[in-house]
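Top line first, the protein sequences correspond to chains A and B.
The numbers in our numbering rise by one with no breaks, and the one at position 268 of the first sequence is 268.
The numbers in our numbering rise by one with no breaks, and the one at position 259 of the second sequence is 259.
Everything labelled a hint here was simulated from the structure, so no lab data went into it.
Heads up, some of the hints might be wrong.
To be verified - Below, in silico cross-link-like pairs of lysine to any residue (SDA-like), each with a Cα-Cα straight-line distance of 20 angstroms or less:
1) Lys412(B) <-> Leu91(A)
2) Lys360(B) <-> Phe253(A)
3) Lys27(A) <-> Lys55(A)
4) Lys412(B) <-> Ala231(B)
5) Lys261(A) <-> Lys285(B)
6) Lys208(B) <-> Met1(A)
7) Lys172(A) <-> His245(A)
8) Lys257(A) <-> Trp358(B)
9) Lys26(A) <-> Asp227(B)
10) Lys261(A) <-> Ser357(B)
11) Lys41(B) <-> Leu110(B)
12) Lys261(A) <-> Ile251(A)
13) Lys383(B) <-> Arg322(B)
14) Lys27(A) <-> Asn232(B)
15) Lys261(A) <-> Lys288(B)
16) Lys356(B) <-> Tyr259(A)
17) Lys200(A) <-> Trp249(A)
18) Lys112(B) <-> Pro51(B)
19) Lys356(B) <-> Ala189(A)
Unchecked claim - Chain A side only, calculated, beta carbon under 7 angstroms to chain B, not exhaustive:
20) Gly42
21) Glu43
22) Thr68
23) Asn84
24) Val86
25) Pro88
26) Thr218
27) Gly219
28) Met220
29) Cys221
30) Arg225
31) Ser227
32) Asp254
33) Val258
34) Arg269
Model, not experiment: these values are computed from the prediction.
The beta carbon of each residue, even a glycine, is placed where N, CA and C say it ideally should be.
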Amino acid sequence: MFKIIAKEKLTPVIDCLRVEAPALAKKAKAGQFVIIRVDEVGERIPLTLADWDAKEGTITLVAMEVGTSTRKLGLLKAGDVLTNLVGPLGLPSDIEKFGTVVCVGGGVGIAPIHPIARSLRQAGNKVISIIGARNKDLLFWEDKMKKVSDELIVTTDDGSYAAKGLVTEPLKAKLEGGKIDRVIAIGPAVMMKFCSLTTKPFNVPTIVSLNSIMVDGTGMCGCCRISVGGKTKFACVDGPDFDGHQVDWNIAFDRQKVYLKEEKESLDRWESCQCSK
Amino acid sequence: MEEKPKSKINLNRVEMPRQDPKVRAHNYKEVALGYTDDMVKEEASRCIQCPKRMCVSGCPVNVDIPEFIKAVREGDMPEAVRILKSKNALPAICGRVCPQETQCEEVCTLSKKKAPIAIGRIERYVADWDLGNKEKRSPTQLPPPTGKKVAVIGSGPAGLVCAADLAKMGHKVTMYEALHTAGGVLMYGIPEFRLPKKVVQAEVDYVKSLGVDVQLDSVMGKLATVDELLANEFNAVFLGTGAGLPMFLDIPGENLNGVYSANEFLTRVNLMKAYLFPDYDTPIKVGKKVAVIGGGNVAMDSARCALRLGAEEVYIVYRRSRTELPARHEEVENAEEEGIIFKFLTNPKQIIGDDKSWVKSMECYQMELGEPDASGRRRPVIKPGSEFMMDVDVVVVALGTTPNPLIPSTTKGLDITKHGTVVADEQTGKTVKDRVWAGGDVVTGAATVISAMGAGKRAAASIDAFLTK
Ligand SMILES: Cc1cc2nc3c(=O)[nH]c(=O)nc-3n(C[C@H](O)[C@H](O)[C@H](O)COP(=O)(O)OP(=O)(O)OC[C@H]3O[C@@H](n4cnc5c(N)ncnc54)[C@H](O)[C@@H]3O)c2cc1C
Ligand SMILES: Cc1cc2nc3c(=O)[nH]c(=O)nc-3n(C[C@H](O)[C@H](O)[C@H](O)COP(=O)(O)OP(=O)(O)OC[C@H]3O[C@@H](n4cnc5c(N)ncnc54)[C@H](O)[C@@H]3O)c2cc1C
Ligand code: SF4
Ligand code: FES
Numbered sequence: 001m002f003k004i005i006a007k008e009k010l011t012p013v014i015d016c017l018r019v020e021a022p023a024l025a026k027k028a029k030a031g032q033f034v035i036i037r038v039d040e041v042g043e044r045i046p047l048t049l050a051d052w053d054a055k056e057g058t059i060t061l062v063a064m065e066v067g068t069s070t071r072k073l074g075l076l077k078a079g080d081v082l083t084n085l086v087g088p089l090g091l092p093s094d095i096e097k098f099g100t101v102v103c104v105g106g107g108v109g110i111a112p113i114h115p116i117a118r119s120l121r122q123a124g125n126k127v128i129s130i131i132g133a134r135n136k137d138l139l140f141w142e143d144k145m146k147k148v149s150d151e152l153i154v155t156t157d158d159g160s161y162a163a164k165g166l167v168t169e170p171l172k173a174k175l176e177g178g179k180i181d182r183v184i185a186i187g188p189a190v191m192m193k194f195c196s197l198t199t200k201p202f203n204v205p206t207i208v209s210l211n212s213i214m215v216d217g218t219g220m221c222g223c224c225r226i227s228v229g230g231k232t233k234f235a236c237v238d239g240p241d242f243d244g245h246q247v248d249w250n251i252a253f254d255r256q257k258v259y260l261k262e263e264k265e266s267l268d269r270w271e272s273c274q275c276s277k
Numbered sequence: 001m002e003e004k005p006k007s008k009i010n011l012n013r014v015e016m017p018r019q020d021p022k023v024r025a026h027n028y029k030e031v032a033l034g035y036t037d038d039m040v041k042e043e044a045s046r047c048i049q050c051p052k053r054m055c056v057s058g059c060p061v062n063v064d065i066p067e068f069i070k071a072v073r074e075g076d077m078p079e080a081v082r083i084l085k086s087k088n089a090l091p092a093i094c095g096r097v098c099p100q101e102t103q104c105e106e107v108c109t110l111s112k113k114k115a116p117i118a119i120g121r122i123e124r125y126v127a128d129w130d131l132g133n134k135e136k137r138s139p140t141q142l143p144p145p146t147g148k149k150v151a152v153i154g155s156g157p158a159g160l161v162c163a164a165d166l167a168k169m170g171h172k173v174t175m176y177e178a179l180h181t182a183g184g185v186l187m188y189g190i191p192e193f194r195l196p197k198k199v200v201q202a203e204v205d206y207v208k209s210l211g212v213d214v215q216l217d218s219v220m221g222k223l224a225t226v227d228e229l230l231a232n233e234f235n236a237v238f239l240g241t242g243a244g245l246p247m248f249l250d251i252p253g254e255n256l257n258g259v260y261s262a263n264e265f266l267t268r269v270n271l272m273k274a275y276l277f278p279d280y281d282t283p284i285k286v287g288k289k290v291a292v293i294g295g296g297n298v299a300m301d302s303a304r305c306a307l308r309l310g311a312e313e314v315y316i317v318y319r320r321s322r323t324e325l326p327a328r329h330e331e332v333e334n335a336e337e338e339g340i341i342f343k344f345l346t347n348p349k350q351i352i353g354d355d356k357s358w359v360k361s362m363e364c365y366q367m368e369l370g371e372p373d374a375s376g377r378r379r380p381v382i383k384p385g386s387e388f389m390m391d392v393d394v395v396v397v398a399l400g401t402t403p404n405p406l407i408p409s410t411t412k413g414l415d416i417t418k419h420g421t422v423v424a425d426e427q428t429g430k431t432v433k434d435r436v437w438a439g440g441d442v443v444t445g446a447a448t449v450i451s452a453m454g455a456g457k458r459a460a461a462s463i464d465a466f467l468t469k
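Kindly produce the complete structure, drawing on both the sequences and the hints.
Below is the structure:
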């Protein structure tokens, strides 16, 4: 059982939880993730380490409420516990001195891009961050991102805050504007695909963090498999970071849709149970 | 030399009652129901107590079989339990899943008459009696603590037995398990209808009762490396991490929606209880027509799970013939009775998807058996021009597994074979790395519960000798 120390809503549908996990906090590295189960009947779901504090022995998770597990998570309060929490899983992001890097975070992807931007900056890179959300209400951590970036650009799809448009627009402008050595893009799969397409003509190495469906997260089931450069890879152990120019996006998209029907059934049922309570 | 038939020998092996195939194909309750008191007495009394004790030599851990059978015949269950458990720590599990027909029962003297003693069934009866009469057990006397600490990584049969034995020798044991439930393949792989999870849980609870600290949700190599464990806290480490990495076929279409590794399929069903979806949150896709590729226990289990999940037709697609099937005979029989369709001498060429990337069919080759290969079995070869289509919507790949590289890749100084297994001494389980032992599937590659258990036991003895030296 893992105790929740603090919980806040970053947006109406995005929750931030600080959880007690001392051994894990000591080992956490930017780019890694954990798998949690909210309760005894719960699914195992992966969430990226958005932050951690080795001294305090805690980790921070940021989750968007999209289905049964994340909705259940949203109901938990400080003092409650997560039934299971395992990690750190996956390979850490490559952190080196590349030069100038652009970190793109879309939607809930702002949370996982944060520690990566911070580590890259600590490693001596010039960090330009671009964060975007559908609208103002869905935007969070602007201040935190500012602290770890040399330059921060904010976009909203509907223009309700900052620049109107998609994150790919300022990304393209930056690529045209000067030498960029590396791009890291984290967010919805479509966004990562379009960031990769944007950087391709400029030949800038582009890293994406794939969010395939997972079960164990240790390489044991193959559920998370994807195709990169024509080879099958397991996102949980070979990734989650991959070369965005090599990812077969069609397979990645298709495999995310395997359980659409069941996910809806599960959520409908959970919602009707919640109502009758 | 032909033996003279002895008139007194009873060759009527007592059948074990099983659920009706038509009924059991739709439920998860245990298929084999176990002997009644009368049945076990009758079967035990068939044993002729041969002085040669062939059965004992056929048992990987040399259980004193004639002796425990004698105790059963005399109705002395506590004594039968004592004899059985002195060599086999997990009899309720082994009685259910050991391939007895290739071990003790194969070499049983009565096997020549095609009526070997049903040693496994008697074993199961004794073990279940023990589980049902726990209160009569005398509590295990633990020796005074030695002050030595051992980390056991993995909670499958190898880890469980190693941890239990070390605890009984007075060492402080911490057992680390990556998943949220202890038991290894016994929990996530072998289905409820073959090995009820409460039987496994009882064994895990017993190990805990010996003072073993079970740490779930702990992926070693990530949370801490073996070297860190050795440096910080532990005097020795045992690796019982199994062979959990699934193999795929490497044919076109393998990443289509609806293609599962057997590990994923079985983990969703057994560990995550997808058969109870939506009461449990984890879903599974079953499809109407399921093809399971492979011929081992894992393939049988996957096929029988698919059937129970509601598939209309379930095929086992196996590239050799019936005689080469590596699965336990009893499970092949069970599968057939339940209506699983066997496609022998068949091997997939590619999996074909529809416009939404879901499996819609599988193209296969017809095979024939050629020259024997390294394993001594005849090698299947493709019959030219034999391609044909199978209409299926889910494919489960059950081709075997290899060890997870997580520990090898994060531990300095282990000797790893090209198959990814850890090299360890057969007798002691000692690896080439100082203070590190290993046993079970991680050393042998995918094998059996009893061999993993035996390895855990031998390693515990060797670790104890090292710690008390
Ligand atoms: C490595 C990794 C890191 C992630 N980090 C974050 C994060 O930091 N914050 C965040 O909000 N989300 C993150 N996700 C996505 C998150 O895991 C899913 O949103 C979550 O599992 C949805 O579960 P649900 O029951 O609420 O919704 P569901 O109704 O089950 O699913 C909604 C959608 O989520 C995806 N999904 C469903 N089950 C899983 C599963 N077991 N594993 C992965 N994806 C699944 C599917 O594409 C599905 O269509 C990450 C995913 C991966 C693989
Ligand atoms: C579906 C199926 C059916 C089978 N049927 C039979 C049968 O009928 N009869 C029979 O005799 N055998 C059968 N087997 C084989 C048998 O189950 C195995 O040989 C046996 O379980 C091996 O035991 P083990 O202790 O070596 O490993 P496992 O049982 O594989 O346990 C290893 C454990 O280690 C954990 N682990 C791995 N890496 C780490 C890590 N880095 N950190 C922490 N924990 C880790 C795993 O999560 C797992 O729980 C079957 C196997 C399968 C998959
Ligand atoms: S070989 Fe068979 S008959 Fe002989 S003692 Fe063993 S179980 Fe009994
Ligand atoms: S989630 Fe099971 S192998 Fe990656």
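Verification of the hints:
At most 20 angstroms may separate the alpha-carbon atoms for a hinted pair to count; lysine 412(B) and leucine 91(A) meet this at roughly 18 angstroms. Taken as a hint, the lysine 360(B) and phenylalanine 253(A) pair is honoured in the structure, with Cα atoms around 19 angstroms apart against an allowance of 20 angstroms. Distance check on the hinted pair: lysine 27(A) and lysine 55(A) sit about 12 angstroms apart at the alpha-carbon level, within 20 angstroms; holds. For a cut-off of 20 angstroms, the pair hint linking lysine 412(B) to alanine 231(B) stands: about 13 angstroms separates their Cα positions.
Of the pairs offered as hints, the one joining lysine 261(A) and lysine 285(B) holds, with about 10 angstroms between alpha carbons and a cut-off of 20 angstroms not exceeded. Between lysine 208(B) and methionine 1(A) the CA atoms are separated by roughly 18 angstroms; this keeps the pair inside 20 angstroms, and the hint holds. About 16 angstroms separates the Cα atoms of lysine 172(A) and histidine 245(A), which keeps this hinted pair within 20 angstroms; it holds. A distance of roughly 10 angstroms separates the Cα atoms of lysine 257(A) and tryptophan 358(B); the hinted pair therefore holds under the 20 angstroms criterion.
Only pairs whose Cα atoms come within 20 angstroms are accepted, and lysine 26(A) paired with aspartate 227(B) is accepted, the gap being roughly 16 angstroms. Among the hinted pairs, lysine 261(A) with serine 357(B) is consistent with the structure: their alpha-carbon atoms are about 15 angstroms apart, no more than 20 angstroms. Distance check on the hinted pair: lysine 41(B) and leucine 110(B) sit about 17 angstroms apart at the alpha-carbon level, within 20 angstroms; holds. Simply put, lysine 261(A) and isoleucine 251(A) have alpha-carbon atoms about 18 angstroms apart, close enough for the 20 angstroms limit, and the pair holds.
Only pairs whose Cα atoms come within 20 angstroms are accepted, and lysine 383(B) paired with arginine 322(B) is accepted, the gap being roughly 18 angstroms. A hinted pair counts as satisfied when its Cα atoms are at most 20 angstroms apart, and lysine 27(A) with asparagine 232(B) qualifies at roughly 15 angstroms. A threshold of 20 angstroms between alpha carbons decides the hint, and for lysine 261(A) with lysine 288(B) the separation of about 16 angstroms falls inside it, so the pair holds. With a CA separation close to 13 angstroms, the supplied pair lysine 356(B) and tyrosine 259(A) stays within the 20 angstroms bound.
The suggested pairing of lysine 200(A) with tryptophan 249(A) holds, with an alpha-carbon distance near 14 angstroms, which does not exceed 20 angstroms. For the hint pairing lysine 112(B) with proline 51(B), the CA-to-CA distance comes to about 16 angstroms; that is within 20 angstroms, so the pair holds. With a C-alpha separation of about 18 angstroms, the suggested pairing of lysine 356(B) with alanine 189(A) holds against the 20 angstroms cut-off. At its closest, the beta carbon of glycine 42(A) sits 5 angstroms from a beta carbon of chain B; the interface hint therefore holds under the 7 angstroms criterion.
The beta carbon of glutamate 43(A) comes within 4 angstroms of a beta carbon in chain B, closer than 7 angstroms, and the hint placing it at the interface holds. Interface hint at threonine 68(A): satisfied, since its Cβ lies 5 angstroms from the closest Cβ of chain B, which is below the 7 angstroms cut-off. For asparagine 84(A), the shortest C-beta to C-beta distance to chain B is roughly 4 angstroms, which falls under 7 angstroms, so the interface hint holds. Of the supplied interface hints, the one on valine 86(A) holds, with its beta-carbon coming within about 4 angstroms of a beta-carbon of chain B, less than 7 angstroms.
Checking proline 88(A) against chain B by beta carbon gives a least distance of about 6 angstroms; that is within 7 angstroms, so the hint holds. This hint holds: threonine 218(A) has a C-beta 5 angstroms from the nearest C-beta of chain B, less than the 7 angstroms allowed. Look at glycine 219(A): its Cβ gets to within about 6 angstroms of chain B, closer than 7 angstroms, so that hint holds up. The closest approach between the C-beta of methionine 220(A) and any C-beta of chain B is roughly 4 angstroms, which is under the 7 angstroms cut-off, so the hint is satisfied.
Annotation: cysteine 221(A) was flagged as interfacial toward chain B, and the flag holds, the nearest CB pair being 4 angstroms apart, inside 7 angstroms. Proximity of arginine 225(A) to chain B holds as hinted, the smallest CB-CB distance being about 6 angstroms (cut-off 7 angstroms). Checking serine 227(A) against chain B by beta carbon gives a least distance of about 6 angstroms; that is within 7 angstroms, so the hint holds. Among the interface hints, the one on aspartate 254(A) holds; its C-beta lies about 4 angstroms from the nearest C-beta in chain B, closer than the 7 angstroms criterion.
Annotation: valine 258(A) was flagged as interfacial toward chain B, and the flag holds, the nearest CB pair being 5 angstroms apart, inside 7 angstroms. Using the Cβ-Cβ criterion of 7 angstroms, the hint placing arginine 269(A) at the interface with chain B is satisfied: the shortest such distance is roughly 5 angstroms.
Violated hints: none; the structure is consistent with every hint.
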